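Model the placement of chain V on the given structure of chain U, informed by the hints.
Residue numbers (my numbering), protein chains in the order written: chain U, 1 to 392; chain V, 1 to 87.
Take the hints with a grain of salt, since some may be wrong.
Across the chosen pairs, the derived CB separations fall in these ranges [stated by the list, open to error]:
1. U:143 <-> V:77: 38 to 44 Å
2. U:103 <-> V:36: 18 to 24 Å
3. U:68 <-> V:83: 34 to 40 Å
4. U:215 <-> V:59: 51 to 57 Å
5. V:51 <-> U:286: 47 to 53 Å
6. U:375 <-> V:61: 39 to 45 Å
7. V:36 <-> U:223: 30 to 36 Å
8. V:77 <-> U:187: 50 to 56 Å
9. V:83 <-> U:273: 29 to 35 Å
10. U:171 <-> V:83: 20 to 26 Å
11. V:83 <-> U:108: 34 to 40 Å
12. U:103 <-> V:25: 21 to 27 Å
So these bits of chain U aren't anywhere near chain V, every CB distance computed over 12 Å [what the hints assert, rightly or not]:
13. 53
14. 94
15. 95
16. 167
17. 181
18. 271
19. 290
20. 298
Just so you know, these hints were derived from the structure itself, not from any lab. Only a predicted model underlies this, so the values are computations on that prediction, with no experimental measurement involved. By construction, the Cβ of each residue, glycine as well, lies at the ideal position given by its N, Cα and C atoms.
Chain residues, written in single-letter form:
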Amino acid sequence: MAKQKKTVVKPKRTIAKKAARQGVTLLVGTRKGAWLFHSDASRKTWKADGPHFLGQVVNHLVRDPRSGTLLMAAKTGHLGPTIFRSTDKGKTWKEAGKPPAFPAVANGNGRAVSHTFWLSPGHESEPGVWWAGTSPPGLFVSTDDGVSWESVPGFNEHEMYLKWCPPDGGTPDGALLNQIVIDPRDAAHMYIATSTGGVFESRDRARSWRPLNKNVEASFFPDPYPEFGQDAHYIALSHTNPDRLWQQNHCGIYRLDRPGEKWERIGNAMPKTVGDIGFTILDHPRDEDTAWVFPMDGTDVWPRTSPEGKPAVYRTRDAGKTWERQDKGFPKKQGWFTVKRQAFCRDAMKATGLYLGTTGGEVWASTNEGGRFTQIARHLPEIYSVVAVERL
Amino acid sequence: MITIFIPQQLRSYTSGATTATASGRTVDQALSDLDARFPGIRFRVIDEQGRIREHMRIFVDGERVREVGVALGPKAEVHVFGALSGG
Chain U
1 MAKQKKTVVK PKRTIAKKAA RQGVTLLVGT RKGAWLFHSD ASRKTWKADG PHFLGQVVNH
61 LVRDPRSGTL LMAAKTGHLG PTIFRSTDKG KTWKEAGKPP AFPAVANGNG RAVSHTFWLS
121 PGHESEPGVW WAGTSPPGLF VSTDDGVSWE SVPGFNEHEM YLKWCPPDGG TPDGALLNQI
181 VIDPRDAAHM YIATSTGGVF ESRDRARSWR PLNKNVEASF FPDPYPEFGQ DAHYIALSHT
241 NPDRLWQQNH CGIYRLDRPG EKWERIGNAM PKTVGDIGFT ILDHPRDEDT AWVFPMDGTD
301 VWPRTSPEGK PAVYRTRDAG KTWERQDKGF PKKQGWFTVK RQAFCRDAMK ATGLYLGTTG
361 GEVWASTNEG GRFTQIARHL PEIYSVVAVE RL
Chain V
1 MITIFIPQQL RSYTSGATTA TASGRTVDQA LSDLDARFPG IRFRVIDEQG RIREHMRIFV
61 DGERVREVGV ALGPKAEVHV FGALSGG
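Bound-form chain U, shown alone (with noise of 0.2 Å):
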């Protein structure tokens, strides 16, 4: 596999200088609708926003950096999935025309959206192109900016689509295609991450894909590193070098540095009692040796809190040879938070932004790279998402 050019590339879900110094917005998906929260200039005063759609079940709400439009995957308790637009900066909403839906079979047992999980902006070169992964795991692309989706047969149609995604590997939401994160060299180079079959890899925009697990542990099997079956939690592209792949997985804290293809397992330094599980990872806008993960217990029943009841952010700047820990702001005990995977994000402004969102309904927030957090909300549903984007 030849060595792609290293190009630095304005990343999707973060924002650009220019509008950076006008502040942040942090779109904020939960259990029970969608709430915009803008900062000043600074990020140290906030400004609610919401709730958008109350009651919707809201797994991901994403501003496109080409366009500006806004994209939220939405149900309810009771009502089928869809994904709602605006143009207009979450002022108005209109709902897509053909939201994210599998081919029909004859016998009307073939496979229905329970939910979209995740969306992103396509490649630069590509404006109006949109990507939704689902649960099940499905992969939907729309090419007029959201309006209208369509299932992608290389994926949700491969020959081996029911061994990478078997109706019975669900995790407790359901089974998801959680992620797709597109080389910003390459719109034709792709990854997914699955929570039934790992991370998958296409170089031909999405038309075949190959199992990218080397490595990777999957303790539930019988074969604890099997070629596909893994439960890749996150994964994120390096900024400054597209060619390194960071991931959370059920099992621990990889990094992947292409063109190789053996994950190594960087969580092995973090202490011991705290581990290395979690739902999330973040890269560092600038600097490809940096990261940032938030653990959880993953001991005994997998309980899923921050260890011991004690929150905090770990940090490499060594590319995972060594991790330290980032507590300042959080609670010094009995903070039992829950992070989920699209709840953790980053902006891009010279100190570096942190957020997340706990299931406990926190917002909180770093302006200083981890070295302290400060709570900015509470008191919202169940957090499913945060993502930051320039101010709105």
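Using the frame of chain U, we list chain V on its own:
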């Protein structure tokens, strides 16, 4: 015409109307006709395989139906509800 009773959860599609008329010989056809006037409403009740969603309930002339191929009389009353399980 068939009368469709719109549940609270779907009235954002009908501008608050609690009932709507539709034409069709089956539940499926009536809901498709409804969707032509209120785009998106059908998919939130019926999935892409034509199944009634797990937490939705449909009654025709007072009888619960479990699939959308059920025939409708020319003056049928179709009630759509959100099930207690989905709240």
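For each hint, the structure was consulted:
no. : hint                       : in the structure
1   : U:143 <-> V:77: 38 to 44 Å : holds, 41 Å
2   : U:103 <-> V:36: 18 to 24 Å : holds, 22 Å
3   : U:68 <-> V:83: 34 to 40 Å  : holds, 38 Å
4   : U:215 <-> V:59: 51 to 57 Å : holds, 55 Å
5   : V:51 <-> U:286: 47 to 53 Å : holds, 50 Å
6   : U:375 <-> V:61: 39 to 45 Å : violated, 55 Å
7   : V:36 <-> U:223: 30 to 36 Å : violated, 53 Å
8   : V:77 <-> U:187: 50 to 56 Å : holds, 52 Å
9   : V:83 <-> U:273: 29 to 35 Å : violated, 46 Å
10  : U:171 <-> V:83: 20 to 26 Å : holds, 24 Å
11  : V:83 <-> U:108: 34 to 40 Å : violated, 20 Å
12  : U:103 <-> V:25: 21 to 27 Å : holds, 25 Å
13  : 53                         : violated, 9 Å
14  : 94                         : violated, 10 Å
15  : 95                         : violated, 5 Å
16  : 167                        : holds, 14 Å
17  : 181                        : holds, 26 Å
18  : 271                        : holds, 43 Å
19  : 290                        : holds, 43 Å
20  : 298                        : holds, 31 Å
Consistency note: the structure conflicts with the earlier hints numbered 6, 7, 9, 11, 13, 14, 15.
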